[in-house]
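Protein chains: 4
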Amino acid sequence: MNQQRSMLDAVLDTIVRVRHRGNVPNTGSIEDDCADLLRLGADAGKRVAKSILARYAALSDDEKVIFFRFLADSLDIDPQNLADLADAYDEERSPTNLKLLQAAGEPQRQELLRRINAVPGVTNDIVTMREDLLRFAREEPDLKRVDLDFAHLFASWFNRGFLELQRISWDSSASVLAKIIAYEAVHEINGWSDLRSRIQPSDRRCYAFFHPAMPGEPLVFTELALVRGVPKSVQDVLDEEREEQSAEEADTAVFYSISNCQKGLHGVSFGNLLIKQVVADLGRELPNLKVFVTLSPLPGFGKWLEQDDQLEAEPEAIINQAAHYLVEQKDDRGRPVDPVARFHLANGAQVHAIHAKADISPNGEQQSKGVMVNYLYDLDQVEANQETFASNGHVETSKAVRALVTTYKKTLI
Amino acid sequence: MNQQRSMLDAVLDTIVRVRHRGNVPNTGSIEDDCADLLRLGADAGKRVAKSILARYAALSDDEKVIFFRFLADSLDIDPQNLADLADAYDEERSPTNLKLLQAAGEPQRQELLRRINAVPGVTNDIVTMREDLLRFAREEPDLKRVDLDFAHLFASWFNRGFLELQRISWDSSASVLAKIIAYEAVHEINGWSDLRSRIQPSDRRCYAFFHPAMPGEPLVFTELALVRGVPKSVQDVLDEEREEQSAEEADTAVFYSISNCQKGLHGVSFGNLLIKQVVADLGRELPNLKVFVTLSPLPGFGKWLEQDDQLEAEPEAIINQAAHYLVEQKDDRGRPVDPVARFHLANGAQVHAIHAKADISPNGEQQSKGVMVNYLYDLDQVEANQETFASNGHVETSKAVRALVTTYKKTLI
Amino acid sequence: MNQQRSMLDAVLDTIVRVRHRGNVPNTGSIEDDCADLLRLGADAGKRVAKSILARYAALSDDEKVIFFRFLADSLDIDPQNLADLADAYDEERSPTNLKLLQAAGEPQRQELLRRINAVPGVTNDIVTMREDLLRFAREEPDLKRVDLDFAHLFASWFNRGFLELQRISWDSSASVLAKIIAYEAVHEINGWSDLRSRIQPSDRRCYAFFHPAMPGEPLVFTELALVRGVPKSVQDVLDEEREEQSAEEADTAVFYSISNCQKGLHGVSFGNLLIKQVVADLGRELPNLKVFVTLSPLPGFGKWLEQDDQLEAEPEAIINQAAHYLVEQKDDRGRPVDPVARFHLANGAQVHAIHAKADISPNGEQQSKGVMVNYLYDLDQVEANQETFASNGHVETSKAVRALVTTYKKTLI
Amino acid sequence: MNQQRSMLDAVLDTIVRVRHRGNVPNTGSIEDDCADLLRLGADAGKRVAKSILARYAALSDDEKVIFFRFLADSLDIDPQNLADLADAYDEERSPTNLKLLQAAGEPQRQELLRRINAVPGVTNDIVTMREDLLRFAREEPDLKRVDLDFAHLFASWFNRGFLELQRISWDSSASVLAKIIAYEAVHEINGWSDLRSRIQPSDRRCYAFFHPAMPGEPLVFTELALVRGVPKSVQDVLDEEREEQSAEEADTAVFYSISNCQKGLHGVSFGNLLIKQVVADLGRELPNLKVFVTLSPLPGFGKWLEQDDQLEAEPEAIINQAAHYLVEQKDDRGRPVDPVARFHLANGAQVHAIHAKADISPNGEQQSKGVMVNYLYDLDQVEANQETFASNGHVETSKAVRALVTTYKKTLI
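Chains as they are written, first to last, in my numbering: chain A, 28 to 440; chain B, 28 to 440; chain C, 28 to 440; chain D, 28 to 440.
Quick caveat, the hints were computed from the structure, so don't treat them as lab data. Treat each hint with caution, since some may be false.
Heads up, the list lumps identical chains together, so a pair's fine if it works in one copy or across two of them.
Claimed, not checked - DSBU-like, lysine-lysine: derived pairs with alpha carbons at most 35 Å apart:
| id | residue 1 | residue 2 |
| --- | --- | --- |
| 1 | Lys-126 | Lys-357 |
| 2 | Lys-437 | Lys-91 |
| 3 | Lys-126 | Lys-77 |
| 4 | Lys-77 | Lys-330 |
| 5 | Lys-77 | Lys-357 |
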């Protein structure tokens with residue numbers, strides 16, 4: 028299909044180029060184009076939609092901010108009109124009234140983005156546009172009004188039902204692998220040789236989600252080690268001296284890294300689904316795998332010790348303290364304060380084990396005080412855990428971890 | 028991916044089944060499930076989402092209507108609240124206010140459908156659900172309020188940028204071909220042998236759009252003949268006695284049939300894009316093809332003659348009258364009254380030629396008085412035509428067709 | 028690749044056509060072409076190779092026979108020369124002498140066929156050529172000398188290591204399925220609807236071997252039913268009224284049909300490998316499958332009864348007699364006389380069960396007296412069985428079948 | 028298919044392992060295995076065939092030589108027997124006699140190799156086995172007798188009709204690209220970044236032949252530059268500072284490197300076919316390409332100057348001398364002495380241009396005195412050239428090159 032798309036694109040590009048080269052001066056602005064596209068509709072406006080993207084790509088940062096302000100202000104909801112239509116619908120709940128109301132309740136910029144996205148192959152450009160927007164919105168929070176529309180559309184476009192799981196291996200295309208190297212956010216990949224050591228051995232796996240409208244662009248990926256027994260440190264997992272073993276001999280799969288790839292898809296979460304789908308697939312492919320755990324940092328632990336003026340526990344007792352932090356420290360919505368814990372617990376995992384001296388890298392020492400956590404994904408439990416956690420924030424733990432919490436409490440007495 | 032999906036599904040199905048078989052009586056209703064799904068979110072609610080679809084599939088028509096009424100009334104917008112939030116946003120245009128406003132401006136049923144669609148592989152079920160809804164809404168127009176949300180979501184999910192063009196040939200899968208046989212709406216296909224005669228010869232083509240979330244389900248397809256010279260009747264095109272020629276020798280491609288496949292996607296139009304993409308691709312694959320035309324009915328002609336008490340022209344003059352009808356008869360929005368004409372003209376085509384005795388089937392005689400029309404797709408003109416038509420409804424024609432209109436006018440004097 | 032091939036072919040075809048249309052009269056014969064190709068080599072002779080195939084396709088049967096006689100006589104081994112070179116090699120076993128000897132030991136027609144096959148995409152034509160040859164050789168056995176070379180080359184070209192197993196399903200291409208309908212040799216397929224009932228239900232499977240040089244051309248295929256318990260008759264298996272069950276619930280896979288597709292590949296056997304590969308793959312895909320059996324005719328039984336003036340046993344005793352025939356009746360090489368038995372036993376299966384009234388079709392009654400046999404494929408035993416059978420013709424049986432043989436012996440006393 | 032193969036393999040491996048672990052001591056030798064395989068046949072002998080490969084892989088070089096001597100001597104032709112059978116066939120040319128004769132005319136090791144190759148996925152191992160053999164045969168020429176059989180089988184197995192052309196791009200798999208880096212023989216590739224610069228830009232191409240039985244293993248590949256005008260030096264072509272241009276703007280394709288990948292396929296030439304197929308395909312994909320040339324070294328030129336005590340020409344006259352060497356210097360079979368020239372001329376190319384200072388690398392200066400040659404591939408001429416060259420060794424040249432030769436002759440007077 029990409030070929031067909033590019034053929035049509037080539038035709039359209041030629042048309043655009045010819046016009047722009049023609050004697051009619053290209054005097055319009057990107058804002059004019061936006062007005063044209065809203066007037067013409069997605070199909071008749073395809074040329075204009077491409078022009079908007081081309082113009083956008085040529086803007087400076089300052090000009091982009093002006094453009095986003097235009098989207099924020101000129102293509103906004105008209106609240107007066109909306110209020111009137113809401114009243115009308117309140118009076119008579121007719122389809123016609125609802126149609127008018129819904130149209131008025133959606134900023135025009137949302138339809139604009141939808142029409143731009145009707146051009147085949149440009150979804151990635153729109154994702155990149157939002158990446159810019161998020162950057163600007165940190166300085167100018169009012170632009171978040173525009174981001175609401177990007178986020179709303181992306182929730183539909185990147186609906187999980189549309190995602191495709193692919194295994195990333197040494198047989199994957201170099202163009203995808205180059206992106207994996209670039210996007211790895213947890214344990215940096217140092218070039219092709221390091222990458223190869225993570226995806227080619229029989230006891231290593233990597234999986235990513237892709238979206239059909241962004242071929243060759245991983246959205247999120249996770250790296251796994253297949254091992255015997257639950258590992259107690261990331262050093263064990265990444266040990267290059269280890270003896271490679273066959274996948275069939277492993278009994279445990281360890282997710283030791285998960286990375287989002289697209290800044291422009293911030294807030295559209297895929298990682299949770301990725302882990303569970305990999306658990307389901309791997310469990311079927313390799314029936315010998317009985318245990319699926321993560322090996323995760325406890326990134327808020329260091330800060331908590333510091334902020335709350337906690338006395339850092341003695342080395343031999345630090346896992347008790349970490350267990351207490353992880354299980355008992357809640358935010359004002361009653362959920363664990365640790366963000367990684369929140370992610371996995373909301374995802375249906377339980378706290379399986381806590382290890383000291385498990386990540387002795389400077390970063391690991393600083394953020395997590397060297398502590399790492401195994402979150403267990405048991406597909407028989409994951410739905411129930413997830414519903415319980417969503418309902419009341421209960422932290423599901425193994426007996427061993429509960430014992431750590433109890434021990435910690437005793438030390439406080 | 029289907030395999031992976033089905034694996035995860037299998038796991039989830041087992042969970043569902045196990046629970047339902049368990050000692051907790053499954054007393055809830057589909058409405059309870061909807062409330063649960065809105066409470067739990069897409070991920071934690073996946074089991075519930077599947078339960079909704081399973082329950083829906085088991086409903087009778089009467090029960091379905093009750094369910095749609097529930098969506099219409101209980102999961103509607105709260106207009107009072109919306110009006111208040113609109114006022115608040117009018118006062119202070121903050122992101123927070125806008126977020127609240129937009130949430131309130133969208134009926135809850137829309138988010139409900141989005142969460143159901145998060146289950147991999149169920150998009151087709153939701154399309155079928157809408158097919159039911161459209162049927163019920165003919166009797167009970169108030170249900171159109173629910174359809175607004177289906178239509179709104181489908182516009183994002185089936186955004187044209189996500190569609191994939193595929194050639195349908197004798198090498199296509201039997202499961203797809205069986206659907207082509209079933210869905211052909213213009214010139215019925217009588218079994219596998221007839222189908223083969225339309226897709227296997229070197230001077231015949233068929234193309235369809237697919238969506239990645241509905242693999243194996245054509246959305247719309249078109250059938251073409253590759254010929255020498257623009258054909259004057261559908262009998263010529265479908266003549267089984269014709270001598271098959273190589274695609275390389277043809278100079279003209281004739282679109283003689285285009286069929287939508289999914290009733291549930293009513294109003295989400297793809298046919299226009301399909302024709303133009305096929306023109307672009309075929310023109311590149313077979314540079315010898317110089318002319319791309321349709322061979323289309325004029326389905327409103329018969330009715331117009333009847334309704335307007337027009338005197339049907341003498342056989343030799345009927346194409347003049349047809350030209351007049353096609354070019355000059357406009358609706359109150361200034362567009363041609365003939366629906367097929369509107370479709371192709373809005374799509375950027377021009378009226379190229381008009382033929383009498385071109386479809387001598389009973390249906391052709393009755394609806395179109397035997398007349399057929401060639402609409403010409405010239406990619407160099409199509410954008411300009413489209414913009415012009417969108418702006419002012421101007422009907423672009425060939426000289427020959429203009430001459431017919433002129434002749435007709437003279438006969439009136 | 029087909030595309031690339033066809034491009035090159037198109038170029039070559041044009042060249043050929045241009046020459047043939049040119050002013051040099053195309054006066055040569057197919058025999059001249061053969062001489063040219065042997066002189067020019069495969070690469071320089073590609074045009075000539077295509078010419079040979081084109082000329083061959085235009086020959087009448089009588090002319091084809093003349094052509095094969097030419098291959099037999101003019102492109103034969105020179106035995107005098109060969110004897111001399113054998114003596115020379117006997118005297119001095121040098122590489123040079125061996126090279127000359129081997130060249131002389133191979134009829135020139137073998138190299139000719141190899142050079143024709145260097146044209147991409149023509150392997151199928153050469154297979155068809157042999158199909159002709161086998162037909163002529165029935166009348167004119169001397170042509171079998173030519174067939175020795177076809178068979179020798181095919182053994183290399185169709186080396187099992189090159190074969191590809193594909194599942195045939197309702198998602199397979201119509202062009203392949205049309206061939207499955209045409210080639211089914213055991214239980215005729217009556218059109219597309221019957222075909223669908225054999226490949227689409229979840230408890231039905233079909234697999235075929237393909238060769239990379241003959242894409243879309245099945246070489247051999249087998250049809251399976253997934254059932255609970257070993258079936259006792261083909262009527263049970265093909266019962267259209269049966270309740271379809273999920274593949275996961277079956278415990279037994281029954282091979283009820285296996286058909287060779289290419290007459291021109293006679294003697295190049297694939298069926299044995301096909302069954303074992305399907306057993307290995309299915310056993311892995313569906314671990315619930317514990318038993319893999321065939322449901323096979325006993326096609327020599329009827330004839331044996333007749334020829335040997337055996338008294339046909341009473342209905343209740345016929346399976347004893349059939350067991351005796353199957354297990355005890357040997358040919359002069361010490362192997363079972365029944366050809367189907369020989370096939371499966373040589374392939375490593377064992378005789379598992381024998382059923383009366385198991386195929387009540389006229390053909391089944393006549394050839395097999397209604398008897399059918401389950402041959403069991405137990406991958407843990409198949410290698411050992413195969414080696415034993417290859418060594419001494421021992422017929423491996425289940426206890427139950429051995430009991431039948433014993434019972435039969437007692438009746439003779 | 029690979030999956031299916033590996034499943035079957037897994038089963039077989041288990042069987043082998045279980046037996047070898049069993050209490051029967053594994054006392055046999057690789058020679059015993061060979062005897063067993065010849066006795067059992069390909070199918071029953073699959074386990075043994077795998078054992079042979081496993082044993083071979085564990086042999087030291089000295090032991091491998093002993094094994095190849097065993098193949099040479101114990102599995103050789105029996106020339107006495109062959110001579111007798113040749114006499115018998117001379118007397119009576121019956122199929123039976125021919126069959127016996129042909130069987131006797133083929134060393135048993137040939138059938139042995141064929142049976143080993145019946146194991147799916149081992150062709151690559153057999154190719155590697157021959158790579159060893161070729162190495163040993165340099166020391167011990169008598170082993171060339173064994174190589175004759177490898178070469179003979181490979182000619183059938185790697186028949187050109189079975190080859191698949193694939194474009195190598197940045198979207199190709201990393202595993203294939205790593206091999207391209209390793210195998211490049213003409214202009215070394217310095218890591219992934221250098222590779223990327225040769226395959227990702229729009230004016231660069233790379234193509235390779237693959238064989239279906241060796242997936243992921245390129246057999247031969249060629250690198251091209253798409254340029255405007257025929258380039259005069261390799262420096263121009265490889266200039267990293269050049270402005271990348273679109274493929275559509277180029278008028279000339281330059282083959283600047285061609286590398287064989289498999290030492291074990293020595294003598295089974297693919298490179299000639301590769302160039303012509305790429306010319307045919309590219310010419311169709313990019314109709315703007317009018318000229319297809321190589322940029323080739325003249326590797327025998329330096330040596331010729333030296334050996335023949337030729338006086339090296341003055342810089343300004345060196346291309347005249349090179350033209351003379353290339354066109355006029357023939358070996359005793361009447362063909363050009365330069366090996367690269369022989370390759371391209373036998374392949375149907377003509378000598379298009381000769382350039383001085385065209386490869387200023389040390390290697391280029393030493394072997395070719397800095398001279399490079401453009402060989403022109405004109406598909407309209409290539410067949411005729413090829414036939415002529417095969418017939419009489421005539422060197423087809425452009426006028427410009429003929430002029431250089433004439434100028435050179437004058438300087439000699």
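Within, between, both or neither, where Lys-126 and Lys-357 count as close if Cα-Cα is 35 Å or less: Classified as between; 26 Å across copies, 44 Å inside a copy.
Alpha-carbon proximity context of Lys-77 and Lys-330, limit 35 Å: neither (47 Å within a copy, 41 Å between copies)
Alpha-carbon proximity between Lys-77 and Lys-357, which holds within one copy, between copies, both or neither at 35 Å: between (48 Å within a copy, 32 Å between copies)
Intra/inter-copy verdict for Lys-437 and Lys-91 if alpha-carbon distance must be at most 35 Å: neither (58 Å within a copy, 59 Å between copies)
Within, between, both or neither, where Lys-126 and Lys-77 count as close if Cα-Cα is 35 Å or less: both (29 Å within a copy, 29 Å between copies)
Hints 2, 4 from the list above are not met by this structure, while the remaining hints are.
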